[in-house]
Amino acid sequence: MQSLIDLDLPHLVLAYSLVLLAVGLSMLQRIGQGREILWASLRMVAQLLAVGYVLHAVFAVNQPIYVLAILLLMVVVAVQTVVGRVQVRMPRLRRVVGTAIFCGCLGTTFFFTQLVIGLAPWYDPHYLIPLAGMIIGNSMTGASLAAERLGSDVRARREEIETALCLGASSRQAILPMLRQAYQAALTPSINAMAAMGIVFLPGMMTGQILSGTAPFLAVKYQIAIMCVITGSVALTSFLILHLGWRQFFTPAHQLRPWVAVKKSNSAAPSV
Amino acid sequence: MTTGDVLTLVVEQLSYRVSDQDGTQILRDVSFSISGGRVAVIIGPSGSGKSTLIRLIPRLMEPSAGRILVAGKDVNGLDPLQLRRMVSLVPQKPFMFPGTVYDNLLMPWRYRGEAAPPADAQFWQELLAMCQIPKDLLQRDSSTLSLGQQQRVAIARAVGGEPQVLLLDEPTSALDRPTVEALGKTLRRITVERNLATLLVTHDLHFAQQVADDLILLQDGQIATSGPAKELFREGHSERLQAFLVGSSVG
Chain Y
1 MQSLIDLDLP
11 HLVLAYSLVL
21 LAVGLSMLQR
31 IGQGREILWA
41 SLRMVAQLLA
51 VGYVLHAVFA
61 VNQPIYVLAI
71 LLLMVVVAVQ
81 TVVGRVQVRM
91 PRLRRVVGTA
101 IFCGCLGTTF
111 FFTQLVIGLA
121 PWYDPHYLIP
131 LAGMIIGNSM
141 TGASLAAERL
151 GSDVRARREE
161 IETALCLGAS
171 SRQAILPMLR
181 QAYQAALTPS
191 INAMAAMGIV
201 FLPGMMTGQI
211 LSGTAPFLAV
221 KYQIAIMCVI
231 TGSVALTSFL
241 ILHLGWRQFF
251 TPAHQLRPWV
261 AVKKSNSAAP
271 SV
Chain X
273 MTTGDVLTLV
283 VEQLSYRVSD
293 QDGTQILRDV
303 SFSISGGRVA
313 VIIGPSGSGK
323 STLIRLIPRL
333 MEPSAGRILV
343 AGKDVNGLDP
353 LQLRRMVSLV
363 PQKPFMFPGT
373 VYDNLLMPWR
383 YRGEAAPPAD
393 AQFWQELLAM
403 CQIPKDLLQR
413 DSSTLSLGQQ
423 QRVAIARAVG
433 GEPQVLLLDE
443 PTSALDRPTV
453 EALGKTLRRI
463 TVERNLATLL
473 VTHDLHFAQQ
483 VADDLILLQD
493 GQIATSGPAK
503 ELFREGHSER
513 LQAFLVGSSV
523 G
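Sequences listed follow chains Y and X, in order. The first sequence begins at 1 in the working numbering and counts up one residue at a time. The second sequence begins at 273 in the working numbering and counts up one residue at a time.
Since the hints were derived computationally from the structure, they do not count as laboratory data. None of the values given here were measured: they were computed from a predicted structure. Careful: at least some of the hints might be erroneous.
[Unchecked claim] Non-contacting residues of chain Y with respect to chain X, defined by C-beta distances greater than 12 Å in every case (computed):
| id | residue |
| --- | --- |
| 1 | Ile5 |
| 2 | Ile161 |
| 3 | Glu162 |
| 4 | Leu165 |
| 5 | Cys166 |
| 6 | Ala169 |
| 7 | Ser170 |
| 8 | Ala174 |
| 9 | Phe239 |
| 10 | Arg257 |
| 11 | Trp259 |
[To be verified] Chain Y is nowhere near these chain X residues, computed Cβ spacing over 10 Å in every case:
| id | residue |
| --- | --- |
| 12 | Pro380 |
| 13 | Ser445 |
| 14 | Glu465 |
[To be verified] Derived Cβ-Cβ restraints for the label pairs, each shown as a range:
| id | chain 1 | residue 1 | chain 2 | residue 2 | range |
| --- | --- | --- | --- | --- | --- |
| 15 | X | Pro390 | Y | Gln184 | 48 to 54 Å |
| 16 | Y | Met27 | X | Ser318 | 56 to 62 Å |
| 17 | Y | Leu176 | X | Asp292 | 51 to 57 Å |
| 18 | X | Gln404 | Y | Val200 | 54 to 60 Å |
| 19 | Y | His126 | X | Asp292 | 33 to 39 Å |
| 20 | Y | Gly107 | X | Asp408 | 36 to 42 Å |
| 21 | X | Ala515 | Y | Leu176 | 28 to 34 Å |
| 22 | Y | Ile199 | X | Ser318 | 55 to 61 Å |
| 23 | Y | Asn192 | X | Pro390 | 41 to 47 Å |
| 24 | Y | Ile199 | X | Asp408 | 48 to 54 Å |
| 25 | Y | Arg35 | X | Asp292 | 42 to 48 Å |
Glycine included, each C-beta is placed from N, C-alpha and C at the ideal position.
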């Protein structure tokens, strides 16, 4: 395998000059985005360097406890991100999202690394961390879509739910149409990504492997496997979010709770 | 207010308090009863607690205190799904489920997991006739119905589930005058033919006068006055009813 050409500081500065080109073009057109571009690029550099140092350290130490700590940190950040994106009030949202991402993402990650790849040692950070990152990152998007869609639907379709309850529907029967649509919404990006794979874009992992000298077919096989795992993880995580989440909107007596699914910022009393 | 052998709906000392920091009292010690075949109308200004009262009966919400009996049974002792077979509420804005009118009429049966009579069965013929819905509407897409038709289908859908108590929240709010009058006739007919205890909430006094056997005036969460509608409307002996009548006809 040929190794990747190293980039030293002058070469990185040369690459960074293209960011300055973007800033210059923005100033030329008086769009006033120059400051934002600069700030974003500096954040990127700082964040990636920090990640680089952390990964460097974890790879060097090569202890399972540190690898697991990194995975857990990724889960926590993903849960935070999903909870932050949901704009309506959902009871026990953090617990539901936490359980779903922890079980859905880590379950599929270990299924893939242990049963499919057969990683040895089982915690090898070179594999486990980037794969878990891809799986959690993609599942996070699906989880956000599922939670956000369910919450906003319960809010917008209160009349439909209450009409169903009045006609003798159980809470599950009343919310089933919304569950189905939220699940569809969560899975659509993964379906589209699979269908467009290789035609519209070359996926990042495959590109990276090819750049670092991996034979194209091996890179393709990994890409196929990771897409399958991502799809499974998105499906499992969204399913868990929806099926743990919908119960929180109702009481055991099949009543829609009065305080749920209102805008998070809305602190006024509900209409009664 | 009406003493029959078995009262279909009895409400005793019902109170409701919002469970927030302020603990706003919406209803206070509300008591009344309705027997089968009679229409009771709750009138009252907005914010008087009418809608809360009607939502407590099928247990869409829990009261803070008091008791509700349906056919002699305390609703708290019933499975909520069982209760909602006996008590059907038509919400203010009835939702039409996607599909045909027939699909909508099937909903209570589907929720119970029971096989409904086929579309050409006598059961539906009678129900449609009673609710004054033309037969050819049965296979019509529910999204093409007028508001008046939707209201009728919503009532037929509720009555088709064969409840003993029919509740309606502001059934006339979206309808024009002739449609309201026709709806009033339909409701009286259904109530008598099915021996229902019908309770409806409205702020429309003309409609109340047209349909009510019994009248309950709710003000600030309490019953200000109640009794047979004919007496209350004829005599106007309650100052509060009169004030309410004057106030709403001017406004």
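Here is what the structure says about each hint:
1. Ile5: holds (59 Å)
2. Ile161: Nearest chain X Cβ is 9 Å from Y:Ile161, so the label is violated.
3. Glu162: About 6 Å separates Y:Glu162 from the closest Cβ of chain X, which leaves it inside 12 Å; violated.
4. Leu165: Not fine: 6 Å to the nearest Cβ puts Y:Leu165 too close to chain X.
5. Cys166: violated (4 Å)
6. Ala169: violated (4 Å)
7. Ser170: With a cut-off of 12 Å, Y:Ser170 comes too close to chain X, as the shortest Cβ separation is near 6 Å.
8. Ala174: violated (9 Å)
9. Phe239: Given that every Cβ of chain X is farther than 12 Å from that of Y:Phe239, nearest at about 24 Å, it holds.
10. Arg257: Given a closest Cβ separation of 10 Å, the condition is violated.
11. Trp259: The claim is violated: Y:Trp259 sits with its nearest Cβ about 9 Å from chain X, within 12 Å.
12. Pro380: At about 5 Å from chain Y, X:Pro380 fails to clear the 10 Å cut-off, so the statement is violated.
13. Ser445: Holds: least Cβ distance 13 Å, greater than 10 Å.
14. Glu465: Given a closest Cβ separation of 21 Å, the condition holds.
15. X:Pro390 to Y:Gln184: 48 to 54 Å: Cβ of X:Pro390 to Cβ of Y:Gln184: about 32 Å, so the range 48 to 54 Å is violated.
16. Y:Met27 to X:Ser318: 56 to 62 Å: holds (58 Å)
17. Y:Leu176 to X:Asp292: 51 to 57 Å: violated (30 Å)
18. X:Gln404 to Y:Val200: 54 to 60 Å: holds (57 Å)
19. Y:His126 to X:Asp292: 33 to 39 Å: At roughly 54 Å between Cβ atoms, X:Asp292 and Y:His126 fall outside 33 to 39 Å, so the hint is violated.
20. Y:Gly107 to X:Asp408: 36 to 42 Å: violated (55 Å)
21. X:Ala515 to Y:Leu176: 28 to 34 Å: With a Cβ separation near 48 Å, X:Ala515 and Y:Leu176 fall outside 28 to 34 Å, so the hint is violated.
22. Y:Ile199 to X:Ser318: 55 to 61 Å: With Cβ atoms ~59 Å apart, the hint holds.
23. Y:Asn192 to X:Pro390: 41 to 47 Å: holds (42 Å)
24. Y:Ile199 to X:Asp408: 48 to 54 Å: holds (51 Å)
25. Y:Arg35 to X:Asp292: 42 to 48 Å: The hint (42 to 48 Å, Cβ to Cβ) holds, given that Y:Arg35 and X:Asp292 are roughly 45 Å apart.
In the structure shown, a violation is registered for the earlier hints numbered 2, 3, 4, 5, 6, 7, 8, 10, 11, 12, 15, 17, 19, 20 and 21, in ascending order.
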